[in-house]
Each structure stands twice: as C-alpha cells, then as structure tokens.
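If you read the protein sequences in the order shown, they are chains A and B. Quick note on my numbering: the first sequence kicks off at 12 and runs consecutively. Quick note on my numbering: the second sequence kicks off at 3 and runs consecutively.
Possibly wrong hints are sitting among the right ones.
Claimed, not checked - Think about it this way: if two alpha-carbon atoms lie no more than 20 Å apart in a straight line, the pair counts; the simulated EDC-like pairs of lysine to aspartate or glutamate are: (1) Lys394/A / Asp105/B; (2) Lys88/B / Asp214/B; (3) Lys394/B / Asp419/B; (4) Lys172/B / Glu117/B; (5) Lys88/B / Glu354/A; (6) Lys88/B / Asp386/A; (7) Lys62/B / Glu41/B; (8) Lys172/B / Glu224/B; (9) Lys26/A / Glu74/A; (10) Lys394/A / Glu224/B; (11) Lys138/B / Glu354/A; (12) Lys400/B / Glu417/B; (13) Lys316/B / Asp275/B; (14) Lys233/B / Glu168/B; (15) Lys310/B / Asp119/B.
What the hints assert, rightly or not - Here are some of the chain B residues that sit facing chain A, going by a computed Cβ distance under 8 Å: (16) Lys62; (17) Lys97; (18) Asn98.
No wet-lab data here; the hints were simulated from the structure. For each residue, glycine too, the CB sits at the ideal point set by N, CA and C.
Each chain is listed here by its residues.
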Amino acid sequence: MTDLTRLSAASLASKIASKEVSAVEVTTAHLDRIAAVDERVHAFLHVDREGALAAARKVDNGEITGPLAGVPIAVKDVVTTKGVPTTAASKILEGWKPPYDATIVERLKQAGMPILGKTNMDEFAMGSSTEYSAYGATNNPWDLGRIPGGSGGGSSAALAAFEAPLAIGTDTGGSIRQPGAVTGTVGAKPTYGGTSRYGLIAFSSSLDTPGPCGRTVEDTALLHSVMAGYDPRDSTSINAPVPDVVKAARLGKNGDLSGVKLGVVKEFAGDGSEPGVLSSFHESLEKLVKLGAEIVEVSCPNFQYALPAYYLIAPSEASSNLARFDGVRYGLREGDDGNRSLEEVMSLTREAGFGAEVKRRIIIGTYALSSGYYDAYYGQAQKVRTLITRDFQSAFERVDVLVSPTTPFVAFPFGSRTSDPYQMYLADLFTIPTNLYGGPAISVPCGLSEGLPVGFQIMAPTMADDRMYRVAAALESAVGSFTPPEL
Amino acid sequence: MTYEEILTKYEPVIGLETHVELGTRTKMFCGCKTDFGAEPNTQVCPVCLALPGALPVMNKAAIEATIQIGLALNCDIAEWCRMARKNYFYPDMPKNFQTSQYDEPLCVDGYVDVEVDGVTHRIGIERVHIEEDTGKTLHVGGATGRIHGATESLVDYNRAGIPLVEIVTKPVPGLGALAPEIAKAYVAELRDIVRSLGVSDVRMEQGSMRCDVNTSLNLPGEEWGTRTETKNVNSLRSVERAVRSEIIRQAGILDEGGKIFQETRHFQETTGDTRPGRSKETATDYRYFPEPDLVPIAPDRAWVAALKEALPEKPSVKRARLREDWGISEIDMQSVANAGAVELIEETIAAGASPAGARKWWMGELARRANELDVELAAVGATPAQVAALQKLVDDGKLNDKLARQVLEGVVAGEGDPAEVMAARGLEVVSDTGALTKAVDDAIAANPDIAAKIRDGKVAAAGALVGAVMKTTRGQADAKAVRELLLERLGVS
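Start from the sequences, fold in the hints, and give me the full structure.
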C-alpha cells in the first residue's frame, strides 16, 4: 500500500470518497506518523487521537460527505477547539479548554475533516521563528537545527514532515506565508474579512487573518473554500460570495498565463535579500514569462514604512487584546494567597504567564497608545497604513498581481536572531504590507537555496483571492515540488 | 454666607453626564438576555465573558435607541462614526477595556428646553454616545459588604455588556441661584423624554438612569473655575442637593482663599453633602483607539429620517395638552409624570373613565400598591381598561368607594376583571329595597332609644343607626340610601 501520509489532500479525498481507503485508515496513518516523528519535529502541542478518529468514523459511516470529507487537518493552537486544550502557546492559558469552537473549526467539522491536534506557534502569534513558544520551539523538517518560520511554524512543519496533509494557520504580518516559505509548503492569507476571526485568540484584530496551509496549491485552495465565507459572529466578516479559488487553482495548473500582468515591486528588489533567494525568485519569474505572463516593474514607495507602521499598530492592538488575561476568569492565576491585592495578583499572573516577546509588545503598544504619544505613533502609523493601501490600489490599476520573494532569507539556525528583535522582525519585511492593506497573498515554493526552500509571494487585490491561486498553480506546475530529506 | 449671598458673589457653571441603561431584549454585543434580577452568571456567553477568541457584534436595536434619543434631544446624527476602546483594568470588566465612543459619537450638538417657574432655559447637549455596562462585584465575608474585611469577591457578569447611552450636556453657565433646580428639572425632562421613546424604563432608584454632576464656581467676568464631578447621583432630589451642596462647599473654600481641586466626589444621601473620591490631578490615561473588532456605524439617512418622523410627541408638549384636558395644576401634572402615570391615565380615560376618576385610582390606591411592591406603576397588575371598568361600576352605583378598593385589590392579585372580582367576592352594593328595609327596621328595633331621639328631631343621631345598618350589610349598602330610608321609616324626612 502507498504511504497515505505522502498523498495530497485532493487525492486522499477522492480515495476516501471512492471507498478505496477509509477515513479512519487515513487518520490513523497520520496519527502514527505524528507518533513516529513529532518527538523530533515538535509540531504539535496537543494531539487529539480520539476526537480525530471519531470524526473519521462519521465520514466512513456516510454521515458527512464533501470535497475534503475524511481528510485530517492540524489546527494552529491560537484557534479555539471545544473541549480540546487551546493555549496560543502561552503559559497563561496552560490547560484551558474552550467551551466553544471557532467558526472555522465548526466549518472543518461540518466538512468532515478530522482534527489531529493543535500545532505549535510563537506565543500569541508574536514571532517569526516559533522560538517564542512557551512550550519549546518547533524544528524545521528540512534541517532540525533551523527554525520552521513563525508564528505558524507548527502548522507548516507538520505539513513538511507529512504529519498532516492540511493545516490551519493565522497571518497577522506573515505568519502563514513566512513559515510556508521556509518549510517548502504553500500558505495563503485570504482577504481580511474573507475568513472568520470568531474563535481566533486575538493578537491584532485589524490584521489577523486565518488561512489555509497545504503542500500543493490545489489542496490549499480546497481548504480555503471550506473555511472561508461570511460569519455573522464576526462584524468585520465580508458578506459576499467566496471567490472560486478551487476552480482558479485548477485553471492555473494548465500553465497558461497569457495576458496576466505580474508587478514586481521595485522597493523589494536587491537590498536585504540573500542572493540565493533572489536568484530563485528571478528564475521563477522567467518561467512565468514562458507561460505567457508579462512582467511590469511597479513602485510602491510607502512599502518601506510598512515594517515600522506594523510594529506600532500590531502591538497597540495586542496591548488591548491581551488585557483580558488577568487571572480573574480563566487560565493561570499566581499569588492568590489571600494576602495580596488584586493588582498584585494580576501583576504576578502576567509576569509568570507572558513570555518576553509578548511583554515587549504589550509595553510598546501601551506606550504607543498613551496620551501624548498617540498622534506621534499610533495615529501616524494609521496614516502610513492608508498610504500603503493607496500604493496597492494604484499598483493594481496597472497589474493583476504583485510578486516578490516571500522572505528575504531562508530558514535560519535557532537562536541566531532572538537576541536582536529587529533582525527577527525583518523576516516579515515582504509579507507585512499585504496585512496593512487587507488583500490576499500566497507563498508557493519556488526553489532551493543552499538546500533550503525559498518561497515566492503573490499578492492580489482584496476579494481577488482566485487570481493569486491561478498564478500560484501555474508557478507550481512550472517549478515542481520540493521534498525535504527523510527524517 | 447664605446660599443667596454666595450666588450674588459667585457664578456657578454646571454640566451633567447622564447614563441611561437601554431596555433592549439582548445585550450590546451578543445575544444574551438582559432580564433584571436573574441568577448570577446565567445570562452570559463567550462574548460577554470575553473568553479568548470571542468577538462582539453590534446590537442594531441599541443603535436605533441611541439615534432616537439623539433625535429627541435635537442632535445631529453622525453620518459615519466608530466605536472606540477605553482601556482600563477593573475586575468586573471582562475585556479590561470598555467598548465605548470617544471622539466620534453617534449624536452631537443638541439641546433640551427646561421650564422652571415659567421661564424656559435651554440646556445644550454636547453628545449622546453608546457604550456598554460592566459586571457587578460582590464582596463576601466582611461585615459591611464592602471590599475591606471581605474574605472573597464574587463577580456577576449578567450586567456586563448591557447597552448604555451617555448623554453629556455642554457646560451651562448663567443659571445663578436656580442652578440646582434647573439641573433637577433637566434630569426630569431627560427622563420623561427617554421614557416617552420607550427605550428604557429610566428608573433612577434601580440604576437604569444615573447622573454625574459637574460643578464649578467663578467670579463674574473671570474664567470658569475648576470643576468637581459628583458621581452616581441617583434621584432627582439628589441632583438638586448635590449641585447646591457643591456650590456651598466650593464657595466656602474660595472665600478662604483656597483652591478647588479637580476630583471625583461622591454624594451622601444621608447628609446631603459630597465626599472626595478619586483625585483627578493626574488624568487617567484610557489609551482610547478605534475598536478594530467592529465595523464603523453609518446610519442610513432614510432610516434616520424615518426615526425622526416617528418620534412621539414631546413630553413637555404632551403634558401641557393633557393638563389642559384634565383640568389639573402644573404641580399635579408633575407628580403624575414623576409617577410614570401619564400614559396609563391617558389610556384609562380613552377606555371610558373620567379624568378625575382615572387619576384618582392610578395616583392613589395603585401608586401606593406599586410603592409597597417596589414595582413600576405599569407593572402593578391592573390595566387601564380594568381601572376604567372599575370606575364605571362606581359611577353606576354598583360599588362604593370602599368596596371598589377591595375589588381593585382582587384585580391586582390577578383574580380577574373588576366585574368578575365583584361577583366572586360578593362585593356589590346592596340595592334590594326589601333587604335594606328589613336591615333598617332591625336597627330601629334594636336601638329604641336612638330611634326615639331621632323621632324627636335630633337627626344628627341618625349616624349611629346608619353605622349599624352598614355593619349588618358588611359595608355593601349605599350609605346615602340607608340614611334616606331610615329617616323615612322614622317619619322625619
């Protein structure tokens, strides 16, 4: 029998639908794979064997059908799962079992997708390497001494290690695309508001976007269409039909991009990117031209301010969103011995419960929002955000999509950037503008540099998610896939 | 210095911030119920408990009610505005920020006209905005129920997320010695307006309407003085007393060359003065910013126009009209309004009762009953139709006043309509002449001495025999008819 963990989600789904294999067999194969390799990868914080098998049995009993019925999935631990521990990789939520499912989790369940478990991440999705998890880092399956990207390192590593065929990630400044790039997998950030945030533990409300992670563009599109769509429980959710991303991905596979204009962002060229990353990117561009695409250089002059604007807006919102973790209602409570004041208990709880990076961002955000500094920092950052949005809008008047490398560098060794937060923040240099704008973007593997994967980013106008899938699928068929060495 | 002397020397400036709890069926940002007095933490969900991942969704009914209030206060309704986060820590505030409005309120720049002693004063409205209430903390184990000495604190989140509307006046100068009365009249008018809209029960004593009173004093021609903010004043009388006592207190300090510090003060119901609370020398930094979890509010202009069109008659206009119709004094009308009885009396009259009759029952027996039960007059258990039917039975001579009160007691107790209660309890006035004649004759026979006196012309003695007859008929006889019959039987009529 073929190794079920090596198959794409699309082929697993069709084998399950045709009863060639059972959903329980597929799920068991992945659970076994997790048991065999996760000690080395540490992609999972929690594995829900019973829950996953029960869901698989429902599909085998014919209770649920659908395009991904029976295909197991891993969910980033920042998304609530009813009765299953959800910690956002923080000590402050250790052992917390949410009494409710996130909307996207409800949709996975309705689609008959067994949830294998919860994946590791940077604490509260703050980081670019998964080294800030309170429960220990995830290792990149390509090289266990290197980071798997962040914050969704667990989700992407689970795919690269064949522990799951699909995974859920969340992208606030690149946390789906950047781990996708450094693990050689696909990761898409849908249009903001295209996927529901209800049940996503908030980091930065105006930026957070749940999205799909897969090993192929088509798989990613299939998951996208299962999880996306209007949710009345999320006020910022868009009440419009989901673009047909599956159709677009299948269309793109044909490899015809004639008439498609790809905009190369001038400001992203050269400086800061590793030579291997740049050469992979340019080779990919050449392949896309051969498929009929036209390359246009566009200028987005305000993109250079995206990183500083992001590091004011995201921490500001985070400082407010994380205020609810005070030890009063759930999670950790420290120092409640009857002799301490409320303020002391709250302070001790937060001291013990939050990691260094989370504290750093709370402090930055609190400062940026405080009176006297608001206009200079938060207010200014919002203006930059508007300018970046205009850059995107005027670029999209000339081109269909924008393209760039996903990250300036390939997976770096553990510890090499933790001592300098700014060096760490640079990992998201190319991904952040899209979050400030709200449009969709995807990272597709496009080559190797020094034996490590390089990602190619495609950015599209808001609600034109299908457009980026089409280009992504064309690129994928042109460059082929990249498989990490055996673990 | 007397109060009058103070006001010849200093000019007061007042400002009022009033919170009104909206009577929406569900909370501001989730579908939880808002019923008053439910078991603690039974009306909660992930959203109002602020569980990780939960998100708010705006209650359209709360926006509508806020717009109605804004329109009734002659405000402009913003074409586009946003909610904001007001960040501060409080153990009964689940998110540790309050979702409120900051620099982009829903309604701005209106006014309320208030009449005191026949003179109309216009109070400017700065803004009307929408926000949410917090939960409630209960301190257990201490002697006083306060946090000091308590062994534990319990939090009830039923109230967390109930929509509140905050109505802020512009600073009001130039009211002179009448400032306390006008402040009170403003709050009363505001209450009547909100009540007429049907968007809140505006009960100050239950906290569904609460007032913060800002007061400052300055010398004529000089800049406005430093203001103090007296928090949570919860009756009309207290509003007046709080302004007055703060004027007197501040004048005392200023006269001795002292300085007023900007601070929060608390009104003492027992003594009628204010005590210091939190000092505001260092302003609290709430770190306001636009709420990213909620999309902006952009009320459809046609909707706003329709709401404006549908506004009810202004309470002051309506009161003047009804006062005329009912033929009562301004003071009587004010007490009817204060009792929340305007609409009830109006409906009772519409159901056929006379204005005097309708007012008598609602303001008398039923008001007393509502007070005993601590419920709103409308919830006392009698409907306008029932009160009208009761009055008709009295007018038709089937009930006298005393019997009518007993019937009303049965109606309030849920025994049915007045006619049913009267029949079931056997309370109808005895009008059977045969039975009455027998009762009168029995009374004469049992009291020969009194009967003799009456026959001798001492008619005043008849009262005793009437009393005796009323006693044997258990009050169900018509006393006037008994007296006439008695005198007739004794041959003195």
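For each hint, the structure was consulted:
Straight-line distance between C-alpha atoms of Lys394/A and Asp105/B comes to about 17 Å, which keeps the hinted pair within the 20 Å bound. A distance of roughly 18 Å separates the Cα atoms of Lys88/B and Asp214/B; the hinted pair therefore holds under the 20 Å criterion. Distance hint between Lys394/B and Asp419/B is fulfilled; the C-alpha atoms sit about 12 Å from each other, no more than 20 Å. Restraint check: the Cα-Cα separation between Lys172/B and Glu117/B comes to about 18 Å, which is no more than 20 Å; the hinted pair holds.
A distance of roughly 19 Å separates the Cα atoms of Lys88/B and Glu354/A; the hinted pair therefore holds under the 20 Å criterion. With a CA separation close to 16 Å, the supplied pair Lys88/B and Asp386/A stays within the 20 Å bound. Among the hinted pairs, Lys62/B with Glu41/B is inconsistent with the structure: their alpha-carbon atoms are about 26 Å apart, more than 20 Å. Note on Lys172/B and Glu224/B: the hinted pairing holds, with a Cα-Cα distance of about 19 Å set against a maximum of 20 Å.
Between Lys26/A and Glu74/A the CA atoms are separated by roughly 17 Å; this keeps the pair inside 20 Å, and the hint holds. A hinted pair counts as satisfied when its Cα atoms are at most 20 Å apart, and Lys394/A with Glu224/B does not qualify at roughly 41 Å. For the hint linking Lys138/B to Glu354/A, the alpha-carbon distance of about 18 Å falls within 20 Å, and the restraint holds. In summary, the hint linking Lys400/B to Glu417/B is supported, as the alpha carbons are separated by about 19 Å, within the 20 Å threshold.
Our distance criterion of 20 Å between C-alpha atoms is broken by Lys316/B and Asp275/B, whose separation comes to about 34 Å. The suggested pairing of Lys233/B with Glu168/B holds, with an alpha-carbon distance near 14 Å, which does not exceed 20 Å. For the hint pairing Lys310/B with Asp119/B, the CA-to-CA distance comes to about 30 Å; that exceeds 20 Å, so the pair is violated. Residue-level restraint check for Lys62/B is violated (minimum Cβ-Cβ distance to chain A is 12 Å; threshold 8 Å).
At a threshold of 8 Å, the smallest CB-CB gap from Lys97/B to chain A is about 5 Å, leaving the interface hint in force. Below 8 Å, beta-carbon pairs count as interface contacts, and Asn98/B has one with chain A at about 4 Å; its hint therefore holds.
Of the numbered hints stated above, those contradicted by the structure are hints 7, 10, 13, 15, 16, listed in ascending order.
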